[in-house]
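**Q** Following the hints, complete the assembly by docking chain B onto the known chain A.
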Amino acid sequence: MEATALEMVSFTAGGFRFAMEARHVRGMSRTTEEGDADAGRLIGLPEVAGERRILHIGVEGRRVAVGGPVELSALPASRIFALPPLLAARLSLRGVRALALHDDGAVFIVDPASLLGE
Amino acid sequence: MSANPVSLDQILARRQAHSGPVVDVDEAMLKLVIVSLGEHWFAFHGDKIVEILADCPVYFLPGCPESLEGVINVRGDIESVIQLRPVLGLPESDTVADSRILLARAAGMQSGLRVDRVEDVLDMPASAIQPPLSTLPVPLRDMALGIVTFRGHAVHLIDLETVFADYRNGLH
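Line by line, the protein sequences are chains A and B.
Take 1 as the starting number for the first sequence in this note's numbering and just add one per residue.
Take 1 as the starting number for the second sequence in this note's numbering and just add one per residue.
In case anyone wonders, no lab produced these hints; they're calculated from the structure.
Hints may be right or wrong, so weigh each one.
To be verified - Going by beta-carbon spacing under 7 Å, a handful of chain A positions derived as facing chain B:
| no. | residue |
| --- | --- |
| 1 | F16 |
| 2 | V59 |
| 3 | P84 |
| 4 | P85 |
| 5 | L87 |
| 6 | A89 |
| 7 | S92 |
| 8 | L93 |
| 9 | R97 |
| 10 | G105 |
| 11 | A106 |
Claimed, not checked - Across the chosen pairs, the derived CB separations fall in these ranges:
| no. | chain 1 | residue 1 | chain 2 | residue 2 | range |
| --- | --- | --- | --- | --- | --- |
| 12 | B | D77 | A | M28 | 53 to 63 Å |
| 13 | B | D77 | A | G15 | 41 to 51 Å |
| 14 | B | F60 | A | A89 | 41 to 51 Å |
| 15 | B | T149 | A | P76 | 27 to 37 Å |
| 16 | A | G27 | B | R141 | 55 to 65 Å |
| 17 | A | V48 | B | E92 | 24 to 34 Å |
Glycine is no exception: its CB is placed at the ideal position from the N, C-alpha and C atoms.
In isolation and in its complexed conformation, chain A is listed as follows (with noise of 0.2 Å):
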């Protein structure tokens, strides 16, 4: 029996899925306007042509545009993982704090805070 779990947005960033804390997420919209954020690209990752969702983050909503599906789902906290130290010396992306392992394959959780700047 899981003890708990914790409360996740999925999304696609650069061709690849993430996920952070849905508590960091007020919303999301599908209307995208020009300077909006790539969630790719503050990654570090390359900007992927799609269709996009805007995830308004933290408390002032700040926009950062997504690729689908976008999902909320609870995560098991059997299945967060704190990032193996080589793995984490030599990962060249921004923002991750941990990685998930789904069935289908393990997934990185970055922290929208260290994301924006803030």
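**A** Relative to the frame of chain A, chain B by itself:
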């Protein structure tokens, strides 16, 4: 006949007095894990190898160097998997079908190491290990602790402390 006869007991007693305590001269043995990468054979100190894993799914993650294959789930713990070929300066090759992952611990870290095959795990006299060849190419020269002959192969004993520390520092 001698002027000062001695008894057999006296002779044996003298022998006993001159002979020191029995010293155990068993040679120091090293446990080695011997692996191969193509035609190249390497060895690691057995106390650095936690486990040998087979058929372990590796999960790819973006943003990692090519030599970092991904992560594996080892009974609820996540470990990175490093490909040894590029780390040791060997040319790339297709992954062998029955390759293995050595779970190794060194330099205060733990990680998986991809090898083609585990050839043997054995105890070997420490004296069998000769100094590494000075002609070894870099980066192997910096990681080789010695060389030993096993089943007709020259086997380089690799220092996992250096491998892990250098990898963490981005040297490979």
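**Q** Would you mind marking each hint as holding or not holding in the structure?
**A** Evaluated hints:
| no. | hint | result |
| --- | --- | --- |
| 1 | F16 | 5 Å, holds |
| 2 | V59 | 28 Å, violated |
| 3 | P84 | 4 Å, holds |
| 4 | P85 | 4 Å, holds |
| 5 | L87 | 4 Å, holds |
| 6 | A89 | 4 Å, holds |
| 7 | S92 | 5 Å, holds |
| 8 | L93 | 4 Å, holds |
| 9 | R97 | 13 Å, violated |
| 10 | G105 | 5 Å, holds |
| 11 | A106 | 4 Å, holds |
| 12 | B:D77 with A:M28: 53 to 63 Å | 34 Å, violated |
| 13 | B:D77 with A:G15: 41 to 51 Å | 28 Å, violated |
| 14 | B:F60 with A:A89: 41 to 51 Å | 18 Å, violated |
| 15 | B:T149 with A:P76: 27 to 37 Å | 51 Å, violated |
| 16 | A:G27 with B:R141: 55 to 65 Å | 58 Å, holds |
| 17 | A:V48 with B:E92: 24 to 34 Å | 27 Å, holds |
Consistency with the previously given hints fails for numbers 2, 9, 12, 13, 14, 15, ordered from lowest to highest.
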